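Chain order of the listed sequences is A and B. Counting from 1, one number per residue, gives the positions in the first sequence under this note's numbering. Counting from 1001, one number per residue, gives the positions in the second sequence under this note's numbering.
I should point out that these hints are in silico values taken from the structure, not numbers from a laboratory. Owing to the predicted nature of the structure, the values given are computational and were not obtained by experimental measurement. Keep in mind that a hint or two might mislead.
[To be verified] According to the in silico footprint, chain A covers these stretches of chain B (three or more CB under 8 Å from chain A): (1) 1118-1132; (2) 1138-1150; (3) 1361-1374; (4) 1497-1509.
Note that the Cβ used here is the ideal one computed from N, Cα and C, for glycine as well.
2 protein chains.
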Amino acid sequence: MKIALAQLNYHVGNFEANTQKIIDAIRQAEKLQADLVVFSELCVCGYPARDFLEFKDFINQCELAIQTIAAHTHRVAAIVGAPRKNPRPEGKDLFNAAFFLYEGKIQYITDKTLLPTYDVFDEYRYFEPNKNFTTHTFKGHTIAITICEDIWDVAPDTDDDTAHNPLYTVYPLDEVRHQQPQLIINLSASPFSYVQHRERMRVIRANVKRYRAPLIYVNQVGAQTELIFDGGSIAMSATGDVLAQLPFFEECIRLVELKPDAPVTPPLSPEPIPLIHDALILGIRDYFRKLGFQKAILGLSGGIDSAIVLYLATRALGHKNVLSLLMPSGFSSKHSVDDSIALCQNLQSPYHIIPIEDIYRQFLNTLSPYFKDLPFNTAEENIQARIRAVLLMAFSNKFGYILLNTTNKSEAAVGYGTLYGDLCGGLGVLGDVYKTQVYALANYINRKGEIIPHHILTKAPSAELRPNQKDTDTLPPYEILDKILFEYIEKRRSARELIAEGYEPNLVSRVFKMVNTNEWKRFQVPPILRVSPKAFGMGRRMNIEGKYY
Amino acid sequence: MKIALAQLNYHVGNFEANTQKIIDAIRQAEKLQADLVVFSELCVCGYPARDFLEFKDFINQCELAIQTIAAHTHRVAAIVGAPRKNPRPEGKDLFNAAFFLYEGKIQYITDKTLLPTYDVFDEYRYFEPNKNFTTHTFKGHTIAITICEDIWDVAPDTDDDTAHNPLYTVYPLDEVRHQQPQLIINLSASPFSYVQHRERMRVIRANVKRYRAPLIYVNQVGAQTELIFDGGSIAMSATGDVLAQLPFFEECIRLVELKPDAPVTPPLSPEPIPLIHDALILGIRDYFRKLGFQKAILGLSGGIDSAIVLYLATRALGHKNVLSLLMPSGFSSKHSVDDSIALCQNLQSPYHIIPIEDIYRQFLNTLSPYFKDLPFNTAEENIQARIRAVLLMAFSNKFGYILLNTTNKSEAAVGYGTLYGDLCGGLGVLGDVYKTQVYALANYINRKGEIIPHHILTKAPSAELRPNQKDTDTLPPYEILDKILFEYIEKRRSARELIAEGYEPNLVSRVFKMVNTNEWKRFQVPPILRVSPKAFGMGRRMNIEGKYY
């Protein structure tokens, strides 16, 4: 059997564009002489459609799209993901379904069993879990169709029991094992993190081992605000060999022939930093494209974070489509402007230098009857950051730029940033990248020669909001801070546990308290491109007033 | 049997304070000679604890608290809500449990069956549903213990089948019906909306009717950021009479004796506007108290929204603890300042007048090389709103005020507001109150005499960011706008449906498009106090880039 894997980039709710894209892919699969073309989970409406799924009209549009697509399946069969109404009077209103389309109509429907409801996933908010299990026959082959999470729980008695998922009590493929499926198909929408492709390969391999059948895994590609879908779709033989692995972060349609002597390919195993690099570029590009914008603006401070964001934005949008504002105050060092200019020149990207001193003085004058001779503190520091935001947003409003936010994950974690100041922006590019990872990204970007000026990488990080300020005046060194943050955020360890392991008690308490007392700030930051297994945003839902630290 | 209903205000994660409060209530119940004191759902940690529940140490603290509380139950039994670890190796890690404590130890545990996972609720994110059903005996009485949602699905063959909930396939109380419970107890954390108390009474009555037993319903009180819990706990006799109804929005411990001749009381049925009024005051008060702040600041524009927020804040925090800034620009009318002063005088609340003209000119000067002679547009309008935000935040940073946001639900819906300008603030007070409801609130506030100056209620709404601006330059009249918004947001109707019903097609399309294309703005607004069944915030999760309208 010849199967085409259609790894495509969908736009949530854009039924016209998604339907056309799916029909075009069916035509291409026909040309490739495929018997079957497989699409990704909920591709008709895009994933995640979130609360759009609660609108009856939205579901009607999905049904219409399936009918339209079915009409194009006369020569090739297609498996397409879409929500469908729950025909029973009880339970959630919808199923997360895979439609097998052939000969112009719906042949059968398979519903998703395991509904991820953790981290960034809210599937039980919308969907009823499937409880009916069967295989289907197509051109003499017995096929088991599964949707995403359905293959992420493999019974623990296999050789490789690491794919057993204790969250669930059903093994969907065990339920059809007695029907001896000759092919497993999985429609996925599995968002990127820098560990995800390894997890995915491990899980696919565990399924192939246990069920002794080849597995076709088709993932969505493209970014949906916070979530970046990396593609990397896989065809694995019954013996565990990779027959095809589609590229990361790109649309791709590829034909695989399931036959005993099919050529095999070594699995891709890219490193985290290059993956993060590519993911962020796609994340920026899709955010702009799907919102219908072309141009970005950002404040270039002379520090490493804004430098990396400028570089990534030029890669995503084109070097002429990103405008940098250099906005020195009286506390800015000369090198901040010089280094920023050098960077813009390296990238051939436009910039303006707009000193903020006059506006800052005017604010202080206006406030002097109230502030009197109270000492300089964060109030004055934040005024500078906020003036910069007002200028950036003025350009945004006048010329149609989207402002990019440059806050990194370490800063976002401890609240080291000014709300309505440097925490502004339409999209948080580095909000899931720790400061130490930002340095690694910079070295990766400079791997073939200097793009980020050397001095930006070597100087001590500073917000330059008061004389001779350094980040380390307020924060522990980033190597230490990032370690503690990783234990708390990614690994969900407690202060008590870390202290018991020998971390300095005062330091741990201080860091935990900074993280927890800054939930109110993070509530108002832009959406953050997710690249780790635990990012700030929809996947981490904390109580602002919580008193636990 | 004598039962004390303990309707208390908990602080999420503050184990010390919550435990002490529960122990104090047990002592008070002893003094009242109660046999049993009933607390609300998850009271040990506070509801909603959100992702704190994913931290092992947090759950350990809950277990320790239960042990500490149990030691105080020698003379009176207590039913206390807390999460507990799922002892089985599969399924979610936790149960949402009720602990029956007596004679110094845990006597038995009942787990929650129906886990709301919609709107503001995420319970299946954390909890495994109960599948074991039984009653328990205490002092010769057979008791069925349920937790919140467990009573919100009553089998449809009762006289009153309106309490049947099609979301679920289990009726928890039907499962123990054959054991003939003589008393039903429900531990709740049911957030306020202006229709909720009627729903609650209806559901409790339906349970009492079907199961022919009295029902003790204990709800949490107090606000947790967005969610306001209104209390209003109820004891209902087997014949459907209200034996006790605790007040809304206040802590209260009350003894009820279950006996045939117990006195009955008419059910409270307050109207929506007075409820919203009281809810918002509690919402402000608890946000400040739980974060450890005393003082609020806001920008007073001369319009109705900021006037109402000032009034509510003075009621929540004390009139001297709320500072208003009047920040006229060259486009402000004289009445804006005069009306604001009159309001501050009515409320005996402090204010400063800080004109923004000089700072605004300085911004325009700084930007003139780039803006050149491009026409005045939203860029210049927004600069004014953002200057005001910088001034308000400067006061906040210098003196420790929390900024209150004054945006109403109509504005938040259509994006009529400046991000990082008037959309700033720590808490959105009116973000779930439509403009037409804001007028109704003003009339309610003025019911005994003028507090909100008459002229503020009668003048046409205006942002005053350009000459002679009116809201109706950009928006349809609020009576029409609010109707369409209500259909879209609360009732989840589609544009297609509204147009089919005779709404003007262009108007409907324009309003829907405004709502959907402003998700990016709403992503960054402060938490909004929820008073309706469908508020912006955690209960409405939309895709920023979605293209469906």
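How the hints compare with the structure:
Under the rule that three or more residues need a Cβ within less than 8 Å of chain A, the assignment of the region 1118-1132 of chain B holds, with 4 such residues. With 0 residues bearing a CB less than 8 Å from a CB of chain A, the region 1138-1150 of chain B misses the requirement of three and the coverage assertion fails. Requiring three or more residues with a Cβ within less than 8 Å of a Cβ of chain A, the coverage given for the region 1361-1374 of chain B holds, as 8 such residues are present. Remark: the region 1497-1509 of chain B is not confirmed as covered by chain A, as 1 of its residues place a Cβ nearer than 8 Å to a Cβ of that chain, below the required three.
Hint compliance for this structure: hints 2, 4 are broken, all remaining hints hold.
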